[in-house]
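Numbering of the sequence shown is given in numbering that gives the first Met the number 0, commencing with residue 0 and proceeding in unit increments.
Possibly wrong hints are sitting among the right ones.
Unchecked claim - Derived lysine-lysine pairs resembling DSBU-like cross-links, with alpha carbons at most 35 Å apart: (1) Lys339 to Lys484; (2) Lys446 to Lys143; (3) Lys143 to Lys454; (4) Lys340 to Lys487; (5) Lys421 to Lys339; (6) Lys340 to Lys143; (7) Lys454 to Lys340; (8) Lys143 to Lys339; (9) Lys420 to Lys485; (10) Lys340 to Lys420; (11) Lys420 to Lys143.
What the hints assert, rightly or not - Label-pair distances were calculated between CB atoms; the ranges are: (12) Ala570 to Ile518: 56 to 64 Å; (13) Phe175 to Ile456: 26 to 34 Å; (14) Phe153 to Trp521: 49 to 57 Å; (15) Asn505 to Arg100: 33 to 41 Å; (16) Asp186 to Val42: 49 to 57 Å; (17) Phe175 to Asp445: 39 to 47 Å; (18) Tyr453 to Ser185: 14 to 22 Å; (19) Gly327 to Cys522: 47 to 55 Å; (20) Ile518 to Gly96: 54 to 62 Å; (21) Gly31 to Ile456: 46 to 54 Å.
If you are wondering where the hints come from, they were derived from the structure by calculation, not from laboratory data. Using N, Cα and C, we set each Cβ at its ideal position, and we do this for glycine too.
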Amino acid sequence: MAGFTADKLMMMLHPGIIMILFGILVMLLPRGLRKPLSIVAPVTATWAFLQMTADSSLPYELTPYIQMEFIHLDSLAWTFMLVFCVIAILNGIYGIGIQHRYECGMSMVYAGSVMGVILAGDCISLIVFWEISAFASMYVVYCKHDRASARASFRYILVHAFGGNMLLAGLIIYMFHYDNNLGHLSDCIGEPCFWLIAIGIAVNAAIPPLHAWLPDAYPESTATGTVYLSSFTTKAAIYLMLRMMSGMTDLVWIGAIVAIYGACMAIMENGIRRLLAYHIVSQLGMMIAAAGVGGAIGIDAATAHAFTNILFKGVLMMGAGAVIYATGRSNITELGGLAKKMPVTAVCFLISSLAIAGLPGLSGFVSKALIMDAVHEGGYTIPALMLTAGGVGTLLSITLKINYFVFFGPCEDEKASEVEKKVPFSMNLAMILGTAATIAIGIFPDKFYALMPYKTIAEPYHMGHVLEYVAIFIGGSIPFFLYLKKMKPHDEVTVDFDWFYRRPFNTLIQKISHIIEGIFRWCGIHSGRAAEYLRLHFGDPTLWTRNSSSVRIKNFSFENEDRLVGDIVTAIVTVFAAMLIIAAIVAR
């Protein structure tokens, strides 16, 4: 153990594994001990992360030719780890005391496994943590334990099993042709491994038409579960996209389309969390577009928006969870006038909704300004306009629609403003801390940009950016209030891309089931007939010889009375011994 110092041991501590172990421990401990661990676990993981340096390493030799590297900390991984540690602490505060045993434990396992994805330095450790996160997050979806969450979690794991297998197959082919180290896919564009890895990432990044699992599953979890879900899975996919696919220009157009699509779907939604889930898709589109630009500014822009989105989207989901916790209702049409009875939730939600719309002075403006700089610098004028249009949709559906109809607008029905339970202090504290971080980033953009991988220097508060977002706010607010009655949500079912494969796939499975059932029924009937035929014709060996035209066969005896049993045994033993001798000679 020479040279093995305490400093080296500290650098080998893995924040993700710490979270996973705490999660397992929480599921075994009684409630009294479990409650404080909700905070201790993410704080300990954050402490371990802050001890890490670029030299930190946790290798494991799988075979003499394959070595796993559980810790690979560069500037990109450092930034994502920082925000994941922050949101893990906020989520721990938010859910303290209101999560049941297994939800609390699996949430920690989920957060830890995503941290493992970020720190993975090779393909094998990446896919191990990727799959752990898929199954842990499936339980987080299921943890409400009702029919809707059970069905949503089943669909969720089916989609992520597909995505995980695509990624696994792609990484296996990549390892065979290249090596086990995670690298950029520029050398294998168009090869099977490229497309398989791209599909695996696209599933977790919720790129249409592979996105429907997100608005289908996230709203069905508990108030605390949805906050965890909104923070990790999709952002891990963005990280992997930046690591392996940055600079691929097609992503700029894909991202612009995703941004508009998600915003348009959100406008039509009535459920608060389903509306916010579609805006996760829309905001991911902006990150994907920046990743497509590539270079220092593109990677920093996507990373910055992932960072700010985790914070303000986390607060928005916390606010939605607090509303559902207090009222027991989740549809906008069933809510109204809650600002007076839930002032902390209303204010935090308002500030975070202004941030996601890009109001100057808040974090969303700082990260979106960097994205627009990156897209314009790359010469993508039309995608830039499309991203701006997506921003208008964000303003209409979250900043104006939810705030007006849920919190600050007039309440037409007294039942809509009724509150059944008081929001716990821990929920309010988490929302306040998240909102404070959102404001701080908006006030100190230079310090925030210094946290990015390439530390891009930018000036978000120049006149062009400010006027652009002021125009978005004015241009979106005027039609909203002019057509207020038409903007009021309706309790209707929206059809998404999943309809085009879920309905036909359901019909296909039913057809296949009927065909298989018919085959087994046919086999059952005819096997019975075959058995009866064999019984009648072969059950009595004397029937084989009785009707034979050969005298020799007709006189054949089944009694062995004319044979010497000893001779038969001797022959068998002799043959067996000869086989053993031949096998021994061949083996030598």
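For each hint, the structure was consulted:
no.	hint	verdict
1	Lys339 to Lys484	holds (23 Å)
2	Lys446 to Lys143	violated (40 Å)
3	Lys143 to Lys454	violated (42 Å)
4	Lys340 to Lys487	holds (22 Å)
5	Lys421 to Lys339	holds (13 Å)
6	Lys340 to Lys143	holds (26 Å)
7	Lys454 to Lys340	violated (43 Å)
8	Lys143 to Lys339	holds (29 Å)
9	Lys420 to Lys485	holds (32 Å)
10	Lys340 to Lys420	holds (11 Å)
11	Lys420 to Lys143	holds (18 Å)
12	Ala570 to Ile518: 56 to 64 Å	violated (46 Å)
13	Phe175 to Ile456: 26 to 34 Å	violated (42 Å)
14	Phe153 to Trp521: 49 to 57 Å	violated (31 Å)
15	Asn505 to Arg100: 33 to 41 Å	holds (35 Å)
16	Asp186 to Val42: 49 to 57 Å	violated (41 Å)
17	Phe175 to Asp445: 39 to 47 Å	holds (46 Å)
18	Tyr453 to Ser185: 14 to 22 Å	holds (18 Å)
19	Gly327 to Cys522: 47 to 55 Å	holds (53 Å)
20	Ile518 to Gly96: 54 to 62 Å	holds (55 Å)
21	Gly31 to Ile456: 46 to 54 Å	holds (51 Å)
The structure fails hints 2, 3, 7, 12, 13, 14, 16 (numbered hints given earlier, in ascending order).
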